[in-house]
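Protein sequence lines, in the order shown, are assigned to chains A and B.
Positions 1 to 258 (this note's numbering) are the ones given, in order, by the first sequence.
Positions 1 to 291 (this note's numbering) are the ones given, in order, by the second sequence.
Do not take every clue at face value.
[What the hints assert, rightly or not] Below, in silico cross-link-like pairs of lysine to any residue (SDA-like), each with a Cα-Cα straight-line distance of 20 Å or less:
{"id": "1", "chain 1": "B", "residue 1": "Lys275", "chain 2": "B", "residue 2": "Arg237"}
{"id": "2", "chain 1": "A", "residue 1": "Lys182", "chain 2": "B", "residue 2": "Pro101"}
{"id": "3", "chain 1": "A", "residue 1": "Lys82", "chain 2": "A", "residue 2": "Lys182"}
{"id": "4", "chain 1": "B", "residue 1": "Lys133", "chain 2": "A", "residue 2": "Tyr221"}
{"id": "5", "chain 1": "B", "residue 1": "Lys239", "chain 2": "B", "residue 2": "Glu262"}
{"id": "6", "chain 1": "A", "residue 1": "Lys182", "chain 2": "B", "residue 2": "Phe56"}
{"id": "7", "chain 1": "A", "residue 1": "Lys182", "chain 2": "B", "residue 2": "Pro257"}
{"id": "8", "chain 1": "B", "residue 1": "Lys102", "chain 2": "A", "residue 2": "Glu211"}
{"id": "9", "chain 1": "A", "residue 1": "Lys182", "chain 2": "B", "residue 2": "Pro54"}
{"id": "10", "chain 1": "A", "residue 1": "Lys182", "chain 2": "B", "residue 2": "Arg53"}
{"id": "11", "chain 1": "B", "residue 1": "Lys133", "chain 2": "B", "residue 2": "Ser172"}
{"id": "12", "chain 1": "B", "residue 1": "Lys275", "chain 2": "B", "residue 2": "Thr235"}
{"id": "13", "chain 1": "A", "residue 1": "Lys182", "chain 2": "B", "residue 2": "Val50"}
{"id": "14", "chain 1": "B", "residue 1": "Lys80", "chain 2": "A", "residue 2": "Ala242"}
{"id": "15", "chain 1": "A", "residue 1": "Lys82", "chain 2": "A", "residue 2": "Glu15"}
{"id": "16", "chain 1": "A", "residue 1": "Lys182", "chain 2": "B", "residue 2": "Asn98"}
{"id": "17", "chain 1": "A", "residue 1": "Lys255", "chain 2": "A", "residue 2": "Arg94"}
{"id": "18", "chain 1": "A", "residue 1": "Lys182", "chain 2": "B", "residue 2": "Lys239"}
{"id": "19", "chain 1": "A", "residue 1": "Lys82", "chain 2": "A", "residue 2": "Thr162"}
{"id": "20", "chain 1": "B", "residue 1": "Lys80", "chain 2": "B", "residue 2": "Phe56"}
{"id": "21", "chain 1": "B", "residue 1": "Lys133", "chain 2": "A", "residue 2": "Lys182"}
{"id": "22", "chain 1": "B", "residue 1": "Lys239", "chain 2": "B", "residue 2": "Ser214"}
{"id": "23", "chain 1": "B", "residue 1": "Lys102", "chain 2": "A", "residue 2": "Arg94"}
{"id": "24", "chain 1": "B", "residue 1": "Lys102", "chain 2": "A", "residue 2": "Phe161"}
{"id": "25", "chain 1": "B", "residue 1": "Lys275", "chain 2": "B", "residue 2": "Gln227"}
{"id": "26", "chain 1": "A", "residue 1": "Lys182", "chain 2": "B", "residue 2": "Glu55"}
{"id": "27", "chain 1": "B", "residue 1": "Lys102", "chain 2": "A", "residue 2": "Val44"}
{"id": "28", "chain 1": "B", "residue 1": "Lys275", "chain 2": "B", "residue 2": "Ser248"}
{"id": "29", "chain 1": "B", "residue 1": "Lys239", "chain 2": "B", "residue 2": "Thr221"}
{"id": "30", "chain 1": "B", "residue 1": "Lys102", "chain 2": "A", "residue 2": "Arg81"}
{"id": "31", "chain 1": "A", "residue 1": "Lys20", "chain 2": "A", "residue 2": "Arg81"}
{"id": "32", "chain 1": "B", "residue 1": "Lys102", "chain 2": "A", "residue 2": "Val79"}
{"id": "33", "chain 1": "B", "residue 1": "Lys102", "chain 2": "A", "residue 2": "Asn217"}
{"id": "34", "chain 1": "A", "residue 1": "Lys182", "chain 2": "B", "residue 2": "Arg224"}
{"id": "35", "chain 1": "B", "residue 1": "Lys102", "chain 2": "B", "residue 2": "Lys80"}
{"id": "36", "chain 1": "B", "residue 1": "Lys102", "chain 2": "A", "residue 2": "Phe47"}
Source of the hints: derived by calculation from the structure; they are not laboratory data.
Source: prediction; values computed, not measured.
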Amino acid sequence: MLRRIFSIAANTFRETIRNKILYAILAFALFVIGMTFFLADLSVGDFARIIADVGLASIHIFGVIMAVFLGITLVSNEVERKTIYILLSKPVRRFEFIFGKTLGLSVTLLLTTLAMATVLFLVHFSYRYGGRAEVGIFIASAGIYMELVLLTCLASLFSTFTTPVLSAIFTLSLFLVGHLTKYLYVLGDQSKVEAVRWASRFIFYLLPNLENFNWKNEVAYGGLKSFSILGWAAGYLVAYAACVLCLSCLLFARKDFK
Amino acid sequence: MNEASRGAWGWVAAFALLVSIGFSWRLLPSRALPESGREVRERPGLLAAVSRRPEFAFGFRNVLADVAWLEGVQVAGNRKMTRWDYDRLYELLDGVSNFDPKFEIPYLLGGLVLGESPDHAQKALEVFERGKKEYPADWRFPFYMGFTYYFSLGDAVAGGRATAEAARLPGSPAYLPGLASRMLSEAREPEVALSLLASIVRQESDPARRAVLSRRIREVTVERDLQALERAVETYREKMGTVPRDLSDLVRAGILPGIPEEPNGGRYLVEPGGKVRSDRVSQRLRVFQKK
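Use the sequences and the hints to build the structure in full.
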């Protein structure tokens with residue numbers, strides 16, 4: 001089973017890494033990150049912070065674009081090109097296909113995030129006013145990567161039952177909502193009605209909480225106070241991603257390709 | 001596509017670009033060029049609206065704080081700051097602190113620039129106050145507040161008190177107690193200055209700094225005594241219609257129980273005009289001395 005998942009993952013990785021759109025987005029992202037070197041000069045004081053903030057925001061934005069636009073075509077491309085019939089006629093189970101596809105794209109995203117984080121690290125390090133080797137850039141990028149993996153899972157879930165355009169809309173909506181769920185929790189807690197409080201908490205836990213992976217602020221102020229937060233966030237990612245992938249497998253298993 | 005047609009397309013593209021440059025050049029004078037965007041009165045807009053609800057920054061709070069700060073730097077860099085520029089700067093600083101309350105530089109530099117305008121000095125104090133709340137151990141916030149009170153609002157009492165607060169914080173420069181005591185003495189609050197100096201001397205372990213502070217205590221004591229004696233001289237003048245010839249006249253008239261001792265070992269003297277001075281101290285304690 002694992003061998004089949006890995007071979008689908010390897011194939012997906014090869015396929016996505018050859019995607020010209022991915023290179024265009026990556027090149028633009030690297031250009032923007034490089035430009036932070038000059039942008040920081042516009043500030044007065046805290047120059048290196050501007051590089052770290054803008055660079056991490058670029059990694060985040062371009063990473064989300066990559067995750068969403070590659071994620072939504074994970075399944076639909078195979079259906080469109082009718083390669084899904086060949087794949088599923090072989091001894092490959094449908095859940096292996098979903099897991100393999102998501103894993104392959106996650107590896108691609110790992111490489112692109114690492115490339116962007118490395119360039120940002122070098123720009124930050126080489127900056128003449130207060131530049132230093134800021135390991136926090138990699139820690140914050142790890143958080144961004146976790147978020148991208150979760151978004152990939154969500155995109156693949158939507159791509160199992162709807163069109164790529166709708167999948168993109170749904171995934172981007174969940175990206176926005178995922179950064180607001182804490183607000184929902186706080187608002188619900190202000191209600192005097194017990195049922196509303198419980199309902200808001202339920203929705204809070206049901207929706208992805210992407211702020212769990214947001215450590216950019218900690219990097220700007222000298223790193224994380226405790227590394228245990230990384231472990232908790234990774235645990236959350238594994239559990240939530242497993243839930244989303246299982247749901248994808250369920251929907252994909254019921255899909256009729258005749 | 002053969003070689004010749006590829007070359008033709010290239011020439012057509014270059015020609016089209018040249019034509020577009022011609023049109024752009026022709027259109028240039030018909031559109032007013034903004035002078036670095038200065039005369040464009042931008043409204044606070046989306047950035048300010050989002051800053052009031054920073055949750056809607058969708059995980060990009062830091063970078064939005066940077067954007068607001070960089071815009072603030074551009075506004076503050078204007079050579080001739082107008083009232084509108086100061087208002088705009090305050091809005092942007094407000095946005096920065098909403099997005100990222102821990103961003104330190106905007107409080108300090110933005111507050112200082114705002115403090116240049118007497119109409120915006122209160123807003124500068126608000127900015128410093130917010131910074132002080134985030135960094136209570138940083139002496140620079142109360143120090144700059146003291147600076148703004150004294151120079152922009154002309155309030156030596158509040159200035160002295162804020163500077164005294166800064167002087168008590170760790171890492172503050174050695175000159176701060178002296179500056180605070182000068183401000184407080186000038187504000188006719190020498191007792192506050194003395195208690196500040198006494199508390200700092202108690203914490204001070206360096207003998208050289210202790211000696212400087214002790215000298216300053218003597219100067220403030222002289223200032224306190226001079227102020228008390230001048231008030232007594234004024235009372236004497238109101239009562240007797242003339243200035244006392246000697247300070248002992250104040251005691252004889254029952255205005256003072258006794259003449260205070262000059263802490264430098266000298267004497268207090270009354271001048272014909274009613275001014276009181278010490279024979280050991282040539283200048284009164286002021287932030288700025290008259291030359």
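A quick look at each hint next to the structure:
no.	hint	in the structure
1	Lys275(B) to Arg237(B)	12 Å, holds
2	Lys182(A) to Pro101(B)	18 Å, holds
3	Lys82(A) to Lys182(A)	42 Å, violated
4	Lys133(B) to Tyr221(A)	17 Å, holds
5	Lys239(B) to Glu262(B)	26 Å, violated
6	Lys182(A) to Phe56(B)	11 Å, holds
7	Lys182(A) to Pro257(B)	69 Å, violated
8	Lys102(B) to Glu211(A)	18 Å, holds
9	Lys182(A) to Pro54(B)	12 Å, holds
10	Lys182(A) to Arg53(B)	13 Å, holds
11	Lys133(B) to Ser172(B)	18 Å, holds
12	Lys275(B) to Thr235(B)	13 Å, holds
13	Lys182(A) to Val50(B)	16 Å, holds
14	Lys80(B) to Ala242(A)	60 Å, violated
15	Lys82(A) to Glu15(A)	16 Å, holds
16	Lys182(A) to Asn98(B)	17 Å, holds
17	Lys255(A) to Arg94(A)	10 Å, holds
18	Lys182(A) to Lys239(B)	73 Å, violated
19	Lys82(A) to Thr162(A)	16 Å, holds
20	Lys80(B) to Phe56(B)	35 Å, violated
21	Lys133(B) to Lys182(A)	24 Å, violated
22	Lys239(B) to Ser214(B)	37 Å, violated
23	Lys102(B) to Arg94(A)	49 Å, violated
24	Lys102(B) to Phe161(A)	44 Å, violated
25	Lys275(B) to Gln227(B)	10 Å, holds
26	Lys182(A) to Glu55(B)	8 Å, holds
27	Lys102(B) to Val44(A)	16 Å, holds
28	Lys275(B) to Ser248(B)	15 Å, holds
29	Lys239(B) to Thr221(B)	27 Å, violated
30	Lys102(B) to Arg81(A)	52 Å, violated
31	Lys20(A) to Arg81(A)	18 Å, holds
32	Lys102(B) to Val79(A)	50 Å, violated
33	Lys102(B) to Asn217(A)	9 Å, holds
34	Lys182(A) to Arg224(B)	58 Å, violated
35	Lys102(B) to Lys80(B)	30 Å, violated
36	Lys102(B) to Phe47(A)	15 Å, holds
Violated hints, listed in ascending order, are 3, 5, 7, 14, 18, 20, 21, 22, 23, 24, 29, 30, 32, 34 and 35; each of the other numbered hints is respected by the structure.
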